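Trainee: Read off the chains here:
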Amino acid sequence: MKLTAADAGYAIGAAELLHGISLDINPGELIIAVGPNGAGKSTMMKLLSGEIFPSLGQVAIDGIDLKQWQLRKLARIMAVLPQQSELNFPFRVHEVVSLGRIPHATGRHRDLEIVEELLVKLDINHLAQRDFTTLSGGEKQRTQIARILAQIWDHQQGTFILLDEPTSSLDLAHQQATLKMIKELTAAGAGVFVILHDMNLAAQFADRLVLLHRGGIVSDGDPWSVLSQENIKRVFDLDVSIISHPERNRPLIIA
Amino acid sequence: MSRTNTSFLILISLLLIAIGMSLITGPADLSLAEISQLLMAKLGFGASSELKGTILWQIRFPRMIMAVMVGAGLATTGAAIQGLFRNPLADPALIGVSSGAALAAAAFIVIGAGLLGQFAYWDLALPFFAFLGGLASTWLVLKLGSDFSGSSVSTMLLAGIAINAMAIAGVGIFYYLSDDVQLRSVTFWALGSIAGATWSTAGIAALILVVVIMLVFEAKSLNAIVLGDSEARHLGVSVEALKKRVVIYTALGVGIAVSLSGIIAFVGLVVPHLVRLAIGSNHHVVMPASALLGAILLLAADTLSRLVVAPAELPIGIVTALVGGPFFIYLIVRQKKRLGLEQ
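Residue numbers (the numbering used here), protein chains in the order written: chain A, 1 to 255; chain Y, 1001 to 1343.
These are computed hints drawn from the structure, not numbers from a lab.
Bear in mind that the values here come from a model prediction, so they are computed numbers and not experimental data.
Be aware that one or more of the hints could be misleading.
Calculated Cβ distances over 12 Å to all of chain Y for the following chain A residues [claimed, not checked]: (1) Asp7; (2) Gly38; (3) Gln68; (4) Ala75; (5) Leu99; (6) His126; (7) Met181; (8) Ile232; (9) Val235; (10) Asp237; (11) Leu252.
To give an idea of the chain A side of the interface with chain Y (calculated C-beta under 8 Å), a few residues [said to hold, decoys possible]: (12) Leu74; (13) Pro82; (14) Asn88; (15) Gly221.
Positions of the beta carbon are idealized from the N, C-alpha and C atoms, including for glycine.
Isolated chain Y, as found in the complex (with noise of 0.2 Å):
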């Protein structure tokens, strides 16, 4: 068998296993045996207990569905936003669509109800205003980063780094007129968390799904397109319609996991990397690697973010920056060395 072959089949036991952990983890007990007893009473098979069975669907299965789409879409996305920047250290953030995201969030949470009136406690509400803010933001940067010529990536970057300080300031402004219950949510929001997942919101995250899939078709354009803008060219791809696409396809997908999820740090960036390290860089392979990868992840950091302040939760977005920040700094060092041996 392949290596590639062999990696994919390891990412997808991995994947069922970290599915497995996420259902089975919680204040309430719940074990292997008795979610297949659940799986099989649901399909009409003998009898189970009422309340556990509230508990793996209304709470654990969205949840967990909730974590694969997000991890998946963020991973997927980051791997398309390096290609796209031809740099491995890129992150989705860079387009803006995080920060977008999380200044309309605060300004929902803190102004909203004030505004909207009754609009304001529909559930979706809060997902709603920060998607808009996530495409608002990436749109500004792509016109900000595009001139009669093109867009230019370099720009682009430039602009994304404009926005997101901007739109950092605004959510500081927000911070500053909240009041305290206002301020803990806004504070939570960005901190990133699943763990309020329902039905309704897990079925917007299976949106993602779509963003994956359609990235996972780029993976020949997004080959010619590391290789430089004039090589794709050269190569028949239209980079200026290839841009568009995986901007738009990011911040579609980004928006939604943000909007959903909060601002779960480092996934986006430390996924792809790993699989380039593991498997190599053929987006064919990369792509559909990392969405797994993403997936799991996200799924092992919501687990363990149950485990280590159990009954409590810690914020997901914190458990992935405590440890991808490190990961960075490590991937920081190599480069450095690598750089160093050239010279």
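Here chain A stands alone, though its shape is the one from the complex (with noise of 0.2 Å):
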């Protein structure tokens, strides 16, 4: 199982989205994509999520368009966590993280189970009565990553999961706590894509960093290729020191 996005381009009539994106996303890989507001990122996952068919090239999982997937199928290996989700129902948080199950058929007794796990792994087992519109935004960011999981928790190996910022609202210690557990996932067969805004975590986590740039990659390798001193002056317009983290061989970006 690999997704593939072929010199892929996506343009709304005149104006050019993206344009030749070429990615692999291979099971047990973290990558993460970084850049600054309006390179692309958001419009480059819902392409590979398939909410969004290039209009130029292919996206394709092992060679199959995803335009030919059922989207149940897809469902059942794909799991999604866009930007800003909303809800204004008055849901329970349990009940939202077991609506991540309703691409299978694994039976009642099985889908409680694993959001029974979900909860305790998210830090949200506390909540899992409370209606989720009263939640905090971290709190509610985190119900919602449960969701996510709980989509693709039975068989790890073989499945993509792509984030949308999926630590915006979370503090310091969720943060940290939230990645460990994606790259958990990837030890365990997933292909994981991730856009974050924080670099320094980015380049903490990530197997490789995608940078964009006005709709299109910039650089695309391990971290200490990609945030170099050129590549961020020329992206961002900003001249940063970059040092390296003084207990992990990854680079750390002093602005």
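Reassemble the complex: the two chains are provided individually, in unrelated frames, and hints are given to aid placement.
Mentor: See the structure below:
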């Protein structure tokens, strides 16, 4: 199983939002996309998840174009967290997580087990009976992440997880915990694509970084090669110093 | 017993009580004992009063069935539309079905006899035209709300507002054109009433049950779509097809209800809201519970409409609006308070 974008582009009328996107998401790999506002990160995720189809090139899983995939089948192997999720109905937290099981027919008992496991993993077990609409931003985000993970929890091998800024509302501890968990999922064989704003967090966890700028991939590779002073100057128009993380051999950007 | 099961038990008991109340209330005295006697007589046990039998079978029973079906239909479509629009304050009227039906009904009452000749005297002619009007305006809203990329609920909402305004203006034109008798019947139709229920109209109303059942089967997809269009898609739900199905079921359900009973306000809005407050938001529960509570409330409103100005009757639309209006204000105030807390 491999999720592939081959020279994919996306345009609305004359406005070209993405061009020449080529990327492989392999099982066991954590790819993190970074870039300035409006670079096309969220649009790229929509292309990769099959929410929109490329106007040029192709996006495919195992060589089969996403257009050909049955939605239900795709939902069983791919879980996607869009940037902002709104839910205006007073669902309880455990109910929201259980909605991740909609594409499956594994039975109520198994679904409940998965939900309980994820409530604990995402540190929202104490909120299980709370009304989702009354939660804080970070609590809502953890609940949505739990829902996404419930979708692929049974067979992580060969699944794809796409997350658009999953940590934007999380505190430092929950950011770290969430990314560690995502890392575990890649170790279990999932292919993961995450959009992050925090470059240092991205550098710390990514197997591969993808730097986007004006609708194209500027740089793609290991964190040291992507987060160079030249690249950051070019994309953000900002002079920064880059040092090595004192404990992990990862770049650390000081603006 | 779980909270959900308890709630359903209470709802079913309330429904039975409301049915009983509805059957015994009216200008002629008819007690529960007499009703059971009449039921037994119907099955061939014992004798009973001919007159009371006629009142029960020809007046009270069809009326009770009509109230149950219309109430269940309005409430279930309300719950589905709220889910589809992702807005707990949405109402089936948003897709234009009620106002389109009202326009067609007004047109039929005022100019129908002149244009249609003998056909206008068919007793189902008015409901038939009202139903067509409701479908036509919903189709227009659906068309206006869709473009190459699919349908947008916010565009549909705006289109619905415009179509509603135009249809109401159209009803106004027919008010202006009508003579006194016509004006009275248009007005009464618009205020909503199930007083004229017969077995043939109650039979048609029973078709609403099909819509209710179809919508109950959409519970899973509705649970997905309240998370968002793309979220639902990523859960394997074909969002475009779901939107079309829900709008069509709603147009059918509300179209039948409005065509037979006129415009009955606030049931579609308030009932699902009450259910969510009491039992939660999971559509597997919300849909059937809304059907039950809608039936109960409309039976109660109909019984009330027979009692308050007895022996005359108040149009049921006035009763539901008088009770529903203040409740709606309460919901708005409550929502405002909650938003205030978040800021």
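Trainee: Checking each numbered hint in turn, tell me which of them this model violates, lowest number first.
Mentor: When the structure is compared with the hints, numbers 4, 5 and 15 turn out to be violated.
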